[in-house]
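Novice: Knowing the structure of chain P, use the given hints to seat chain B on it.
The residues making up each chain are set out below.
There are 2 protein chains.
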Amino acid sequence: MFDQITIIGCGLIGSSLLRAIDKKKLSKKINVFDKSKEAQSFIKNNLPGNVFDDINESVKGSDLVIISSPLSSYKEILLSIKSGLKKNVILTDTGSTKKEVNKVISNLNLKDVFWIASHPIAGTEYSGPESGFAELFENRWCILSGEDQQQKETLEILKKFWEKIGSKVKFMAFEEHDYVLSLTSHLPHAIAYSIVRTVINKEDKLKDQIIQYSASGLRDFTRIAASDPIMWRDIFIDNSENILKVLDSFSENLHEIKKAIQSKNTEKLNDIFSSTRKLRKEIIKAGQETDKPNFGRK
Amino acid sequence: MFDQITIIGCGLIGSSLLRAIDKKKLSKKINVFDKSKEAQSFIKNNLPGNVFDDINESVKGSDLVIISSPLSSYKEILLSIKSGLKKNVILTDTGSTKKEVNKVISNLNLKDVFWIASHPIAGTEYSGPESGFAELFENRWCILSGEDQQQKETLEILKKFWEKIGSKVKFMAFEEHDYVLSLTSHLPHAIAYSIVRTVINKEDKLKDQIIQYSASGLRDFTRIAASDPIMWRDIFIDNSENILKVLDSFSENLHEIKKAIQSKNTEKLNDIFSSTRKLRKEIIKAGQETDKPNFGRK
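Top to bottom, those sequences are chains P and B.
First residue of the first sequence: 43, per my numbering; consecutive thereafter.
First residue of the second sequence: 43, per my numbering; consecutive thereafter.
Please keep in mind that the hints were generated in silico from the structure rather than gathered at the bench.
Keep in mind that a hint or two might mislead.
Note: identical chains are not told apart, hence a pair may lie in one copy or across any two.
What the hints assert, rightly or not - Here are the simulated EDC-like cross-link-like pairs (lysine to aspartate or glutamate), alpha carbons at most 20 Å apart as the crow flies:
1. LYS249 to GLU180
2. LYS206 to ASP64
3. LYS65 to GLU167
4. LYS287 to GLU298
5. LYS206 to ASP105
6. LYS287 to GLU142
7. LYS310 to GLU205
8. LYS71 to ASP45
9. LYS249 to GLU217
10. LYS310 to GLU283
11. LYS249 to GLU99
12. LYS301 to ASP290
13. LYS301 to ASP154
14. LYS300 to GLU283
15. LYS86 to ASP333
16. LYS323 to ASP250
17. LYS327 to ASP250
18. LYS301 to GLU283
19. LYS145 to GLU217
20. LYS202 to ASP45
21. LYS323 to GLU172
22. LYS300 to ASP290
23. LYS202 to GLU177
24. LYS102 to GLU118
25. LYS334 to GLU172
26. LYS201 to GLU218
27. LYS249 to GLU218
28. LYS79 to GLU195
Excised from the complex, chain P in its bound form (with noise of 0.2 Å):
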């Protein structure tokens, strides 16, 4: 499908998507760049791709570059690749968050380059190359936000790529994209790490019986407060605007909570914990979730 690709950042998503682009053959050559010396001596030992020590060096000829990279870094990684790129490439990258990082592209003005955000709905609590695999992808969402209206072509190979990799395909507009992910994973990571920073706050003495008892509803919460903290340190910042609004939604609705706790408001509180069942319902029935009990977990 290419001739080669360069992939900027090897954790899990990059290392997976590495993995992917290899098993499914989508490029004659891969060219890897990840700045962490770890990183770089485990994928020369593990993995397929031509590791460069020199980011403008891997960029050099590649058809498609995609930066798989904490959001921080993205302006740097752009100015030290800038001069390397070949025309008409493809630039992507798999970012959580689009308008931010969409403002610092346009303002660097790269000329014949076909800027396209990809946004793939995968990952896990692990990080680090160690921790990909070639399936991450399957079945999951990609979301591709664009522009530039004259790029449709650059879209629909960007597409075929992804769905390449397993994934399927949306478009969405940035300023959409971002709200969109504020409710469905901005909001449920800054509440998991709230909650579970609670818990860990308390005495020590009870420690011990918290983790034991953790199967009653914390230990779900806690599988998205292991994930990776740059990465999310990096989410907040970017898209703070709509996770501040969303967070403060959240307070309302926990207040109602605690006022009809604080009332023995029962009628209230069954209103309440009558309300949620339904989402659950439809996000099984739309495939994104398991209706096995527990999440099958046993």
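Specialist: What follows is chain B alone, placed relative to chain P:
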């Protein structure tokens, strides 16, 4: 092990107990009472045990009586069965809070009744007798709480009973139980309900997208927000004191994250997001969770 057991309330937990007692042959006879006609007919057609229409009749002659109905129904149930209880019967329950329940029972001044509370930390997001299964309690904790030191013998019998059902048994004082569970179970549920309500209160035009991209975090919360509303209403009323305290402490933690986002304090966010990974590792190490990414969900 017993000559006759009565189960009062035959939903997810009660019917799982019924199945497990039958499967492991822990009683010669099993009596079942459920006030719902629908449940009665389901049990008659699909499950072992003798279904009773009269709750007082159902406990007569039983050596062990297990209340497995919502906390708010305990008082009425106890008043109804009081006169039918056999001398030296063991009375237990499967409720999720203990302190208030214990007060209710103490106030009734039951004579020749050995009351010990049970809390099996097991359940799924489904309810009703059709959702139960004999293996629900296997390898799960069951917390026993009793006040009277002279009940040692009864405690031992009940411990063996739960162990034969497949559970690991711990003893805990009523107060400690309610505090620990307010952190590991009740807080996560309050939060899950709030988060799902935050999302479902949004305009409908983005609803399809929200459901589509729920795999990015939201769907994990919808599982516990789909639990039985009546059961949870009762828990929040019963354990309100502890729950309101931990909710306040949660709100403080959330406010800390909000402040860090507002001031774009990357260092603080990094600290917050790094601090939470350890707890998950400890939970996995304690055997309370699978270490498979995504709970092994495909």
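Novice: Now tell me, hint by hint, if it's right for this structure.
Specialist: Results of checking the hints against the structure:
no.: 1; hint: LYS249 to GLU180; result: neither (38 Å within a copy, 23 Å between copies)
no.: 2; hint: LYS206 to ASP64; result: within (12 Å within a copy, 51 Å between copies)
no.: 3; hint: LYS65 to GLU167; result: neither (23 Å within a copy, 38 Å between copies)
no.: 4; hint: LYS287 to GLU298; result: both (17 Å within a copy, 15 Å between copies)
no.: 5; hint: LYS206 to ASP105; result: within (17 Å within a copy, 64 Å between copies)
no.: 6; hint: LYS287 to GLU142; result: within (17 Å within a copy, 38 Å between copies)
no.: 7; hint: LYS310 to GLU205; result: neither (46 Å within a copy, 38 Å between copies)
no.: 8; hint: LYS71 to ASP45; result: within (6 Å within a copy, 74 Å between copies)
no.: 9; hint: LYS249 to GLU217; result: between (42 Å within a copy, 16 Å between copies)
no.: 10; hint: LYS310 to GLU283; result: between (31 Å within a copy, 18 Å between copies)
no.: 11; hint: LYS249 to GLU99; result: neither (51 Å within a copy, 44 Å between copies)
no.: 12; hint: LYS301 to ASP290; result: both (16 Å within a copy, 12 Å between copies)
no.: 13; hint: LYS301 to ASP154; result: neither (58 Å within a copy, 41 Å between copies)
no.: 14; hint: LYS300 to GLU283; result: between (26 Å within a copy, 11 Å between copies)
no.: 15; hint: LYS86 to ASP333; result: neither (40 Å within a copy, 27 Å between copies)
no.: 16; hint: LYS323 to ASP250; result: between (35 Å within a copy, 13 Å between copies)
no.: 17; hint: LYS327 to ASP250; result: between (38 Å within a copy, 12 Å between copies)
no.: 18; hint: LYS301 to GLU283; result: between (28 Å within a copy, 13 Å between copies)
no.: 19; hint: LYS145 to GLU217; result: within (12 Å within a copy, 55 Å between copies)
no.: 20; hint: LYS202 to ASP45; result: within (15 Å within a copy, 67 Å between copies)
no.: 21; hint: LYS323 to GLU172; result: between (35 Å within a copy, 17 Å between copies)
no.: 22; hint: LYS300 to ASP290; result: both (15 Å within a copy, 9 Å between copies)
no.: 23; hint: LYS202 to GLU177; result: within (17 Å within a copy, 45 Å between copies)
no.: 24; hint: LYS102 to GLU118; result: within (17 Å within a copy, 78 Å between copies)
no.: 25; hint: LYS334 to GLU172; result: between (29 Å within a copy, 14 Å between copies)
no.: 26; hint: LYS201 to GLU218; result: within (19 Å within a copy, 55 Å between copies)
no.: 27; hint: LYS249 to GLU218; result: between (41 Å within a copy, 12 Å between copies)
no.: 28; hint: LYS79 to GLU195; result: neither (37 Å within a copy, 63 Å between copies)
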